[in-house]
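Protein chains in written order, with my numbering: chain F, 35 to 115; chain Y, 35 to 115; chain X, 35 to 115; chain G, 35 to 115; chain E, 35 to 115; chain B, 35 to 115.
What the hints contain is simulated information worked out from the structure, not anything from laboratory work. Certain hints may be false.
[Said to hold, decoys possible] Per the computed footprint, the stretches of chain F lying under chain B, defined by three or more beta-carbons under 8 Å from a beta-carbon of chain B, are: (1) 63-71; (2) 89-100.
[What the hints assert, rightly or not] Below, in silico cross-link-like pairs of lysine to aspartate or glutamate (EDC-like), each with a Cα-Cα straight-line distance of 20 Å or less: (3) G:LYS81 <-> X:GLU52; (4) F:LYS78 <-> B:GLU69; (5) X:LYS56 <-> Y:GLU52; (6) E:LYS78 <-> B:ASP45; (7) X:LYS37 <-> X:ASP84; (8) G:LYS56 <-> X:GLU52; (9) X:LYS108 <-> Y:GLU52.
[Claimed, not checked] Covered stretches of chain X (in silico footprint by chain Y; criterion: 3 or more residues with CB under 8 Å from a CB of chain Y, positions within the stretch not fixed): (10) 46-52; (11) 60-71; (12) 92-102.
Don't be surprised by glycine CBs; every beta carbon is placed ideally from N, CA and C.
As a plain string of letters, each chain reads:
Number of protein chains: 6
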Amino acid sequence: MEKWITSLKTDTPQKGFELAIKLAQKGIEYTQPSEAIRKKLRPKYSKNADSLIHASEVIAIHFQTVAAANDYWKRTGLYGR
Amino acid sequence: MEKWITSLKTDTPQKGFELAIKLAQKGIEYTQPSEAIRKKLRPKYSKNADSLIHASEVIAIHFQTVAAANDYWKRTGLYGR
Amino acid sequence: MEKWITSLKTDTPQKGFELAIKLAQKGIEYTQPSEAIRKKLRPKYSKNADSLIHASEVIAIHFQTVAAANDYWKRTGLYGR
Amino acid sequence: MEKWITSLKTDTPQKGFELAIKLAQKGIEYTQPSEAIRKKLRPKYSKNADSLIHASEVIAIHFQTVAAANDYWKRTGLYGR
Amino acid sequence: MEKWITSLKTDTPQKGFELAIKLAQKGIEYTQPSEAIRKKLRPKYSKNADSLIHASEVIAIHFQTVAAANDYWKRTGLYGR
Amino acid sequence: MEKWITSLKTDTPQKGFELAIKLAQKGIEYTQPSEAIRKKLRPKYSKNADSLIHASEVIAIHFQTVAAANDYWKRTGLYGR
Numbered sequence: 035m036e037k038w039i040t041s042l043k044t045d046t047p048q049k050g051f052e053l054a055i056k057l058a059q060k061g062i063e064y065t066q067p068s069e070a071i072r073k074k075l076r077p078k079y080s081k082n083a084d085s086l087i088h089a090s091e092v093i094a095i096h097f098q099t100v101a102a103a104n105d106y107w108k109r110t111g112l113y114g115r
Numbered sequence: 035m036e037k038w039i040t041s042l043k044t045d046t047p048q049k050g051f052e053l054a055i056k057l058a059q060k061g062i063e064y065t066q067p068s069e070a071i072r073k074k075l076r077p078k079y080s081k082n083a084d085s086l087i088h089a090s091e092v093i094a095i096h097f098q099t100v101a102a103a104n105d106y107w108k109r110t111g112l113y114g115r
Numbered sequence: 035m036e037k038w039i040t041s042l043k044t045d046t047p048q049k050g051f052e053l054a055i056k057l058a059q060k061g062i063e064y065t066q067p068s069e070a071i072r073k074k075l076r077p078k079y080s081k082n083a084d085s086l087i088h089a090s091e092v093i094a095i096h097f098q099t100v101a102a103a104n105d106y107w108k109r110t111g112l113y114g115r
Numbered sequence: 035m036e037k038w039i040t041s042l043k044t045d046t047p048q049k050g051f052e053l054a055i056k057l058a059q060k061g062i063e064y065t066q067p068s069e070a071i072r073k074k075l076r077p078k079y080s081k082n083a084d085s086l087i088h089a090s091e092v093i094a095i096h097f098q099t100v101a102a103a104n105d106y107w108k109r110t111g112l113y114g115r
Numbered sequence: 035m036e037k038w039i040t041s042l043k044t045d046t047p048q049k050g051f052e053l054a055i056k057l058a059q060k061g062i063e064y065t066q067p068s069e070a071i072r073k074k075l076r077p078k079y080s081k082n083a084d085s086l087i088h089a090s091e092v093i094a095i096h097f098q099t100v101a102a103a104n105d106y107w108k109r110t111g112l113y114g115r
Numbered sequence: 035m036e037k038w039i040t041s042l043k044t045d046t047p048q049k050g051f052e053l054a055i056k057l058a059q060k061g062i063e064y065t066q067p068s069e070a071i072r073k074k075l076r077p078k079y080s081k082n083a084d085s086l087i088h089a090s091e092v093i094a095i096h097f098q099t100v101a102a103a104n105d106y107w108k109r110t111g112l113y114g115r
């Protein structure tokens with residue numbers, strides 16, 4: 035697979051959250067590499083509340099990793115809140 | 035997407051919990067950007083105990099992250115309990 | 035919402051466990067604010083083993099947070115076991 | 035509720051694992067306090083593989099907490115493996 | 035129950051992974067002590083993809099614990115990668 | 035089983051993610067050692083959105099472990115972002 039990530043560091047928590055989303059999607063892509071099949075599944079699961087909650091859970095797990103890798107953006111916390 | 039988070043720091047555990055809820059919701063919003071569809075799903079899953087427990091789980095995962103980012107609001111713990 | 039938590043610190047692991055239960059319940063309350071609807075759901079999910087196991091899981095996740103916030107009640111460990 | 039836990043410390047990893055099981059059960063007991071109802075549910079879920087796997091997951095989450103509280107029984111590791 | 039674990043330390047990550055599997059199995063054994071019943075369940079869940087993914091999840095959670103207990107086998111990392 | 039892992043260290047986050055995928059697969063392989071059965075299950079679960087999300091979750095849990103084992107590839111973070 036092509037290079038899709040080089041670092042877990044992000045400048046802001048929001049970019050970290052968006053990286054977490056990417057990581058969650060990549061987990062699905064590696065498991066089901068066919069874009070055609072994934073696109074066919076999307077309309078259904080994206081209208082199913084339980085699937086959406088589950089997707090949000092995977093994002094939450096990755097966000098834990100990204101946030102820790104960025105030391106919770108602590109410097110932002112000291113000066114920027 | 036517009037800026038919706040600038041820091042994981044919150045003044046109190048309760049505000050941290052409310053931030054965890056926001057993060058859980060954002061995970062759903064990024065996955066299903068249509069507000070119309072999300073609103074249609076809400077009446078059903080919010081009356082389903084298993085969906086509510088699952089939603090509470092996602093909040094719990096994010097709350098771990100937020101609590102760690104705030105060093106568990108330790109100073110509150112020393113003087114304020 | 036009214037103030038319902040001021041600290042993650044508790045005097046004992048048992049009180050910490052009970053705080054974890056409260057956090058799990060609050061996750062549900064914020065998602066479904068209507069007490070009437072929550073009360074209607076309770077008889078069913080509280081008699082369903084899978085729902086109970088899932089509820090126990092959410093408590094377990096919050097208990098991780100509360101235990102870490104209390105440094106695992108380490109002093110209790112040194113003198114009180 | 036009566037006192038059922040005073041410390042997360044255990045002498046061995048095995049006792050720690052058994053404490054994790056107790057914590058998982060307590061999460062269910064607090065959610066469904068009726069012993070009669072819990073006993074009625076047991077025959078069914080304890081013969082359902084998915085329920086057993088889920089129960090094992092809750093134990094795993096609590097075991098993380100207990101193991102961390104015991105510093106992963108590191109001294110046992112140095113001298114006793 | 036007889037002694038089945040004395041330490042979370044393992045010499046290699048692979049032995050640590052196999053210990054995680056054992057921990058996941060033990061969680062099921064404690065919940066359903068009858069070997070006869072467990073054996074009867076096995077043919078079905080071991081041919082069900084969702085059960086297998088869930089079993090793999092429990093192993094993943096325990097592997098986190100075992101890996102941390104072994105300080106992620108850091109010395110292996112320094113000299114052996 | 036043959037040796038399939040010697041270290042959790044990887045040179046890059048992407049290789050770490052791919053190791054997390056391998057760990058998730060190994061959890062399934064140990065539980066269902068028959069390659070024939072696993073191959074038969076694949077077409078179905080890889081076209082099921084909920085199974086894919088769940089698989090992505092297991093990868094996310096393992097990625098937490100791998101990322102921590104690599105100290106979140108911090109040096110990459112300092113110089114390479």
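Each hint, compared with the structure:
Restraint check on the stretch 63-71 of chain F versus chain B: 4 residues with Cβ-Cβ distances below 8 Å, three needed, restraint holds. Only residues whose beta carbon comes within less than 8 Å of a beta carbon in chain B count, and the stretch 89-100 of chain F has 7; three or more means the coverage holds. This hinted pair does not check out: LYS81 (chain G) and GLU52 (chain X) have alpha carbons roughly 30 Å apart, beyond 20 Å. Distance hint between LYS78 (chain F) and GLU69 (chain B) is unfulfilled; the C-alpha atoms sit about 30 Å from each other, more than 20 Å.
The straight-line distance between the Cα atoms of LYS56 (chain X) and GLU52 (chain Y) is roughly 14 Å, inside the 20 Å bound, and the hint therefore holds. Taking the CA atoms of LYS78 (chain E) and ASP45 (chain B), the gap is near 40 Å; set against the 20 Å cutoff, the hint is violated. Taken as a hint, the LYS37 (chain X) and ASP84 (chain X) pair is broken in the structure, with Cα atoms around 32 Å apart against an allowance of 20 Å. This hinted pair checks out: LYS56 (chain G) and GLU52 (chain X) have alpha carbons roughly 14 Å apart, not beyond 20 Å.
At roughly 29 Å between alpha-carbon atoms, LYS108 (chain X) and GLU52 (chain Y) are farther apart than 20 Å, so this suggested pair is violated. With 0 residues having a beta carbon nearer than 8 Å to a beta carbon of chain Y, the stretch 46-52 of chain X misses the requirement of three or more and the stated coverage is violated. Counting residues of the stretch 60-71 of chain X whose beta carbon lies closer than 8 Å to any beta carbon of chain Y gives 7, which reaches the threshold of three, so the coverage claim holds. By the rule of at least three residues with a Cβ nearer than 8 Å to a Cβ of chain Y, the coverage given for the stretch 92-102 of chain X holds, with 6 such residues.
Taken one by one, the earlier hints fail for this structure at numbers 3, 4, 6, 7, 9 and 10, listed in ascending order.
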